[in-house]
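Engineer: Could you put together the complete structure from these sequences and hints?
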Amino acid sequence: MTEFVSSDKAVAVSMDGTVASIAIKKEHGGYTKEIKTVDVQMDITKAVVSKDKQRLYIGTADGLVEELPNSIDEIGGRAVKVYAGHSSEIQDILESDTCLYTVSSGQIIVFNKETGSVSARYNAELDSDIRVVQINSTGKSLGVGYGNGSLVILSYSPAQNRLVNVYQSDNSARQSIESLCSLERCLYMETLHQLFLF
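Heads up: the sequence shown begins at 6 in my numbering, then just goes up one per residue.
Hints were generated in silico from the structure; no laboratory data involved. C-beta atoms are modelled at their ideal positions from N, C-alpha and C, and glycine is treated no differently. Errors might be hidden in some of the hints.
Straight-line Cα separation of at most 20 Å, DMTMM-like style, residue types lysine to aspartate or glutamate; simulated pairs [what the hints assert, rightly or not]:
hint	residue 1	residue 2
1	K118	E72
2	K118	E71
3	K56	D97
4	K38	D78
5	K41	E8
6	K56	D13
7	K56	E72
8	K58	D97
9	K30	E8
10	K145	E71
Pairwise CB distance ranges (calculated) [to be verified]:
hint	residue 1	residue 2	range
11	V123	I40	34 to 40 Å
12	T37	S76	18 to 24 Å
13	T103	V171	19 to 25 Å
14	Q59	K30	18 to 24 Å
Structural biologist: Here is the structure:
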């Protein structure tokens, strides 16, 4: 994962646990780069820069998500917060204003970003693995794509601390859902060979 966090700074994370800060400077009509690295000693499966560009969320092969500061000088190998609960590797990390949605092949766990506590859990309901998850802009609706081509829409209720299945589309002819995106009130789903609009 590599992402620019400002116009002159990028952060890169590799699966072997190396986190790099890349500063790009314009000097004497040309560009130079300054690279700083730190080894966080984790088997990384997913890395995401927070919406405010101040933190890194690192998903591990052990099923943990660790929150680190987005500064090489501040990391020092220690996590600010650890979000635990998955029994298999982290596939995806999604962020809303108040929650962190962590995804493994068998479940989705919603964490409160402020406290780090579990707000809701969803265990895969179908006889297949979760392949992809997309949240809408409010963080209250989630599209879940399965390896067998099924699509589930979940509603998140913070008051009830639950993810509730509100829609399910099964199609045995459809292949694994590989990507989802949401724009306003529409959900787009892509299988290996087709694009669908819901």
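Engineer: Against each hint, give a clear statement of whether it holds in the structure.
Structural biologist: Structure-based check of each hint:
1. Restraint check for K118 and E72: satisfied, since their Cα atoms lie roughly 10 Å apart, inside the 20 Å limit.
2. Taking the CA atoms of K118 and E71, the gap is near 12 Å; set against the 20 Å cutoff, the hint holds.
3. A distance of roughly 15 Å separates the Cα atoms of K56 and D97; the hinted pair therefore holds under the 20 Å criterion.
4. With a C-alpha separation of about 17 Å, the suggested pairing of K38 with D78 holds against the 20 Å cut-off.
5. The suggested pairing of K41 with E8 holds, with an alpha-carbon distance near 15 Å, which does not exceed 20 Å.
6. For the hint pairing K56 with D13, the CA-to-CA distance comes to about 17 Å; that is within 20 Å, so the pair holds.
7. As the CA atoms of K56 and E72 are separated by approximately 13 Å, the hinted pair is consistent with the 20 Å bound.
8. At roughly 18 Å between alpha-carbon atoms, K58 and D97 fall within 20 Å of each other, so this suggested pair holds.
9. Annotation: proposed proximity of K30 to E8 holds, straight-line Cα distance about 17 Å (limit 20 Å).
10. A hinted pair counts as satisfied when its Cα atoms are at most 20 Å apart, and K145 with E71 does not qualify at roughly 23 Å.
11. Separated by about 37 Å at the C-beta atoms, V123 and I40 satisfy the suggested range of 34 to 40 Å.
12. A hinted range of 18 to 24 Å for the beta carbons of T37 and S76 is consistent with their spacing of about 20 Å.
13. About 21 Å separates the C-beta atoms of T103 and V171, a value consistent with the hinted range of 19 to 25 Å.
14. Distance hint check: the CB atoms of Q59 and K30 are about 22 Å apart, consistent with the given range 18 to 24 Å.
When the structure is compared with the earlier hints, a violation turns up for hint 10 alone.
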